[in-house]
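Construct all of the structure, not just a fragment, from the sequences and the given hints.
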Amino acid sequence: MDQIGDLLDRPRLYYNIDGLGELGGSVTCLGFAVLLWLLIHSPADSVWHRISFFAFVALMLLIHYGTKAVKTRITYPRTGFVEYRRQQQTAAIAAALGALAAAGLGVVFRRHWDISMLASLAGLVFAAAYGYHFAMAVRWKLVIAGAMAVASFAIAFLPADVLGALGSDSSAAHPDRAKLGGTILISLMVYGTMLLISGGISLWLYLRHMPVPAQEGQ
Amino acid sequence: MNQQIRTIADLDRVIHEPGRLMIVALLFAVERADFLYLQHETAMNKGTLSSHLSRLEEAGYVAVTKTYRGKVPQTLLCLTRAGRKAFEQYRRNLKEAL
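In order, the protein sequences belong to chains P and A.
Residue numbering for the first sequence follows this note's numbering, starting at 70 and increasing by one per position.
Residue numbering for the second sequence follows this note's numbering, starting at 9 and increasing by one per position.
A couple of the hints might just be wrong.
Subject to a maximum C-alpha distance of 25 angstroms in a straight line, what follows is the list of computed BS3-like cross-link-like pairs (lysine-lysine) [what the hints assert, rightly or not]:
no.	chain 1	residue 1	chain 2	residue 2
1	A	K93	A	K103
2	A	K54	A	K74
3	P	K140	A	K74
4	A	K54	A	K79
5	P	K137	A	K79
6	A	K79	P	K140
7	P	K137	A	K74
8	A	K54	P	K140
So the derived label-pair ranges between C-beta atoms look like this [stated by the list, open to error]:
no.	chain 1	residue 1	chain 2	residue 2	range
9	P	G269	A	G27	32 to 38 angstroms
10	A	I16	P	V126	53 to 59 angstroms
11	A	E96	P	A163	22 to 28 angstroms
12	A	D18	P	E152	28 to 34 angstroms
Rather than coming from a laboratory, the hints here were simulated on the basis of the structure.
Quick reminder that beta carbons are idealized off the backbone N, C-alpha and C, glycines included.
Laid out in structure tokens, this is it:
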């Protein structure tokens, strides 16, 4: 029965066989980091504040269609095409987690709770999710999951003035707000970079070991 | 014959064959997949995979669609409703038998 369970799990693992799942996550994290940095460090009347929503939508579309295009050209000719079942349950869980995270940030900000603790907790959740989704299939990625967990603690112990400088464009800004902005910004950059490295290695290994078969049809 | 042995005798023989079981389990988890994907995941050669797919198609468990990806022919496969029900029943029976 366990072997049947393993087979049922194969398509989920196949999604990241080429590392594109991680590269998509990396572009999301780094893209959000750039957008956030522009929002924090550009004047309130700058163009970035007016088009930030459109930039966010454009980033999402780029990731969705970009991944699809790369899979069509690289993955499907090598190891085959898969269309996944629409799982409403997964989408509902993701939406609920997103709402919970937003609510958590709101409460932390209003009550001035320790942002460092929240940063390490969020980092550990991120590392665990990465471990479950990617590292269970490919063992060397457990090193990346471990590095993410360590990074989540390292970010929490960064000096407040460093985080404040990253998260604010002026000394007059509220210190908690600045620290929160800096924590989110540096977390996105660190996790985005780790996903980029891990996804890049996976893609390189995939291209190296999976040559395109002769185009003789199926 | 006791209940457990009867359950073993009731196992769907079309699905019970290891090669076909792999194919059905892989297709159960997706909406549809192509021949190349199944070949990659099951490590079967084209002939063996084709023969198993024909058997599953005859039983009405798998639907086969021939199409093109660019200029290259592509065979898309998906489990039919009967195939999904049969696999679910097979898993229930196997669980009971074990």
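Review point. Out of the numbered hints, which ones does the structure contradict?
Key: Going through the list in order, the structure violates no hint and respects every one.
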